[in-house]
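There are 2 protein chains.
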Amino acid sequence: MAQETSGAYTLPGVGGDQRRATAYRRLPVEERRRQLLSTALELFSHRSPEHISIDDIAAAAGASRPLVYRYFPGGKQQIYEAALRSAAEELTACFVEPPEGTPTQRLANVLDRYLAFVAGHDAGFSALVRGGCVTETSRTTAIIDGVRRGAAEQVFVHLQVEAPGLRLRMAVRSWIAAVEAVSLTWLDEGRRPPADELRDWLVDHFVGILAAAAASDRQTAQVAAALLAQERADCGAGVLARRLLA
Amino acid sequence: MAQETSGAYTLPGVGGDQRRATAYRRLPVEERRRQLLSTALELFSHRSPEHISIDDIAAAAGASRPLVYRYFPGGKQQIYEAALRSAAEELTACFVEPPEGTPTQRLANVLDRYLAFVAGHDAGFSALVRGGCVTETSRTTAIIDGVRRGAAEQVFVHLQVEAPGLRLRMAVRSWIAAVEAVSLTWLDEGRRPPADELRDWLVDHFVGILAAAAASDRQTAQVAAALLAQERADCGAGVLARRLLA
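Going down the list, the sequences are from chains A and B.
When you line the first sequence up against UniProt numbering, it's residues 1 to 246, in that order.
When you line the second sequence up against UniProt numbering, it's residues 1 to 246, in that order.
Simulated from the structure, these hints should not be mistaken for lab results.
Be aware that a few hints might be false.
[To be verified] These stretches of chain B come out as covered by chain A in the derived footprint (C-beta under 8 Å, 3 or more residues): (1) 67-77; (2) 153-163; (3) 187-195; (4) 222-230.
[As the list claims (entries may be wrong)] One-sided and incomplete, this derived list gives chain B residues near chain A with beta-carbon spacing under 7 Å: (5) V96; (6) A181; (7) G208; (8) L245.
[Claimed, not checked] Partial pick of chain B residues on the chain A-facing surface, computed with a CB cut under 8 Å: (9) L37; (10) L41; (11) E42; (12) H46; (13) I52; (14) L91; (15) F117; (16) V207.
If you're wondering where the values come from, they're calculated on a predicted model, not measured in any experiment.
Ideal Cβ placement from N, Cα and C applies to all residues, glycine included.
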């Protein structure tokens, strides 16, 4: 495996293992790249991108500024986009759920993972979805839109719809937008209510939006009827689904 | 009233009145400022901000580049923000609706004005709400957030709620986000479905989200019951409201 060629040493971290303090070592190229990226993602997750410099990233990674530039010649913008891409993959992976259990339970499982992701990347998530930061470009917007499309695709998989019509697409798209907006409010409100309560609200929102769309669209009505047949009448979202979708 | 001091002439517009073609005239300062702003807003409405230059604005306004800079020393960013602020005021004014007729009819009236605004500012609206353009800053984000807050406040006025709790605020916030997302999809889809159909969908969404929130929140349930009492059972959204909210 390729090795770094010069000046690329791991410096001791604050509070790190004393034995490692003098163990400067070169990292294989791929390993170093991964380490820089995960360090950057950790920083970008909890502070707004405009408050993070290449020096911050270098210091947190125990690397030199020139080393960071060797891996990311485009500087902060490039490392931000790479970190964002890796976060987008992680988030998109959260959306995959096996077709087992009731549909509202599956949705709840996905939302549990999603809200854990949001909580784990709070400041970065806000900055990203809100926009308005210096590092936002059409490329970052495309990455975020890709995540939204990924979410919608997974919903359609579970709805077992191969060719969703306009009304159904708009309903799903609007629920995803609602989830994003509610997540931001949740972070702003100091993560109130608790994640499990918020997750239940968001499942209810889905049922509500689907019920509204089903009232005026045949395809959505068929999808809703098929979902309802898989629900159980004795658990929370199932009760609501039965009442609104019946 | 203050007059422009030099070099500030109105040039003939394409297809303009021939008699005005040679009638170069100085404009009073406030009038010129308004004219530059409305010209800029017109341009920003139909093209993405990164594709518009100060020269474009000067040409469209029949003014010179130095004149535009005299009024907006901060250049394109300043004129964009000023145009955005004026568009935000216009949009916020759309949300005001007298407390007459059924609640769903009032909501439909507001949405008619809103969708007319969206259609009239298509490219600019997309660029703005999507973010990802070079002219996006924390100030433009704050302006947009102000419009969202204005929309939510008007909803609470009609819900006759002075102190909305978290659940109700999240429901309204999520509906507003849904409306934004659906508007973008609507523009992307070549304004399909027709505006009046989309407006009905969005009213239905509101009913659906409110019904879902009412199922698990006492305040929302009270608000929903009070709204329902004002609905008529014989028109579209009223029928849905009766079914979902009862």
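Right, here's what the structure says about each hint:
Counting residues of the stretch 67-77 of chain B whose CB falls under 8 Å from any CB of chain A gives 0; the rule of at least 3 is not met. Counting residues of the stretch 153-163 of chain B whose C-beta lies closer than 8 Å to any C-beta of chain A gives 0; at least three are required, and the coverage claim is violated. Coverage of the stretch 187-195 of chain B by chain A holds [criterion: at least 3 residues with CB-CB distance below 8 Å; count 3]. For the stretch 222-230 of chain B, the stated coverage by chain A is not satisfied: 0 residues place a CB nearer than 8 Å to a CB of that chain, which falls below the threshold of 3.
Taking 7 Å as the C-beta contact cut-off toward chain A, the hint placing V96/B at the interface is violated, the least distance being around 23 Å. Checking A181/B against chain A by beta carbon gives a least distance of about 3 Å; that is within 7 Å, so the hint holds. Given the 7 Å rule on beta carbons, the hint for G208/B holds: about 3 Å separates it from the nearest Cβ of chain A. Evaluation of the L245/B hint against chain A yields a violated restraint, the C-beta minimum of about 10 Å exceeding 7 Å.
A distance limit of 8 Å between C-beta atoms decides the matter here; for L37/B the minimum to chain A is near 22 Å, and the interface restraint is violated. Proximity of L41/B to chain A is violated relative to the hint, the smallest CB-CB distance being about 20 Å (cut-off 8 Å). With a least beta-carbon distance of about 23 Å to chain A, the hint placing E42/B at the interface is violated under the 8 Å criterion. Because the beta carbon of H46/B sits about 18 Å from the nearest beta carbon in chain A, more than 8 Å, this interface hint is broken.
Residue-level restraint check for I52/B is violated (minimum Cβ-Cβ distance to chain A is 16 Å; threshold 8 Å). Taking 8 Å as the C-beta contact cut-off toward chain A, the hint placing L91/B at the interface is violated, the least distance being around 18 Å. Here the hint on F117/B is broken, as its CB sits about 19 Å from the closest CB of chain A, past 8 Å. Among the interface hints, the one on V207/B holds; its C-beta lies about 6 Å from the nearest C-beta in chain A, closer than the 8 Å criterion.
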